[in-house]
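Required output: the full structure, derived from the provided sequences and hints.
For the sequence shown, the working numbering begins at 1 and goes up steadily by one.
Incorrect hints may have been included.
As the list claims (entries may be wrong) - Here are the computed lysine to aspartate or glutamate pairs in the EDC-like style, where the Cα-Cα straight-line distance is at most 20 Å:
id	residue 1	residue 2
1	Lys-147	Asp-70
2	Lys-57	Asp-212
3	Lys-225	Glu-37
4	Lys-239	Glu-12
5	Lys-57	Asp-210
The hints are simulated quantities; they were obtained by calculation from the structure and are not laboratory data.
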Amino acid sequence: MTEHDIEKMDPEVRRCIENFRQGKPVMVFDSAFRERETDLLWPAFAATPAVMRQLRKDCGGLLFLAVGHDIGEMFGLPFLQDLHTDEDAVKKNPLLGHLMTNDLQYDSRSAFTLSLNHRQTYTGITDKDRALTTRRFGELVDELQKKAATNEECMAALGKEYRTPGHIPLCRESVQGLKTRQGHTELAVSIARLAGLPACTIGAEMLQPDGDSALPVEEARRYAKKHGIPMVTGADLLKAHAIDSGEPAEKKAKTEE
Numbered sequence: 001m002t003e004h005d006i007e008k009m010d011p012e013v014r015r016c017i018e019n020f021r022q023g024k025p026v027m028v029f030d031s032a033f034r035e036r037e038t039d040l041l042w043p044a045f046a047a048t049p050a051v052m053r054q055l056r057k058d059c060g061g062l063l064f065l066a067v068g069h070d071i072g073e074m075f076g077l078p079f080l081q082d083l084h085t086d087e088d089a090v091k092k093n094p095l096l097g098h099l100m101t102n103d104l105q106y107d108s109r110s111a112f113t114l115s116l117n118h119r120q121t122y123t124g125i126t127d128k129d130r131a132l133t134t135r136r137f138g139e140l141v142d143e144l145q146k147k148a149a150t151n152e153e154c155m156a157a158l159g160k161e162y163r164t165p166g167h168i169p170l171c172r173e174s175v176q177g178l179k180t181r182q183g184h185t186e187l188a189v190s191i192a193r194l195a196g197l198p199a200c201t202i203g204a205e206m207l208q209p210d211g212d213s214a215l216p217v218e219e220a221r222r223y224a225k226k227h228g229i230p231m232v233t234g235a236d237l238l239k240a241h242a243i244d245s246g247e248p249a250e251k252k253a254k255t256e257e
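Written out as structure tokens, the structure reads:
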């Protein structure tokens with residue numbers, strides 16, 4: 001991705017890229033054909049107690065750390081769905097067989113992998129603790145990628161600083177990213193990639209105040225305007241990545257439906 005490519009993009013996408021580079025938030029509405037949800041997102045390196053507090057108070061949905069497939073491979077992060085359906089695990093823990101994920105209404109596979117706490121946290125749930133867990137994860141990924149660390153080195157480094165389970169659930173991008181799945185995880189890490197950052201994004205789903213359903217996209221746009229946050233859709237990001245891949249934007253956008 002070059003600066004020339006970015007200049008061709010939609011102005012709101014360019015605003016998102018600039019915000020992420022500066023450690024500022026963006027908002028993404030997935031699609032009217034999927035979960036119909038909007039996420040409030042920050043690059044992981046920018047996580048502070050104030051950021052976690054805003055996510056917790058203004059969103060109401062699950063706080064999650066979206067990571068790219070490349071990062072999943074670095075650390076060997078397993079999909080929970082695979083762990084929970086492992087034959088030996090089911091034999092040892094029969095309840096897993098009864099709880100098997102085979103009826104998702106919005107997708108064919110869950111993106112959830114392990115949940116983490118930094119070892120320097122106390123309970124791990126406070127804004128301060130969750131900020132440390134998130135920020136340091138982003139920093140660690142950057143450090144390991146720059147030194148081209150091996151898988152063994154990456155796993156050892158993660159284990160030295162982190163434990164599981166924890167209070168920051170990680171969601172892992174699908175193997176081919178937006179080409180095969182346009183979920184919140186893929187959309188969240190795609191912004192980081194467009195900005196030239198490690199594919200680690202902290203965010204939360206925005207719910208209505210009563211928590212009964214997702215915040216309508218019109219209300220999400222009003223929130224974005226009020227707080228000066230750029231907001232894009234999944235289709236916008238598909239088009240932006242089509243510029244980089246050389247594929248027609250229309251072809252990419254149709255995969256969202």
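The hints, checked one at a time:
1. Lys-147 to Asp-70: holds (15 Å)
2. Lys-57 to Asp-212: OK: Lys-57 and Asp-212 at ~16 Å, within 20 Å.
3. Lys-225 to Glu-37: holds (17 Å)
4. Lys-239 to Glu-12: OK: Lys-239 and Glu-12 at ~12 Å, within 20 Å.
5. Lys-57 to Asp-210: holds (13 Å)
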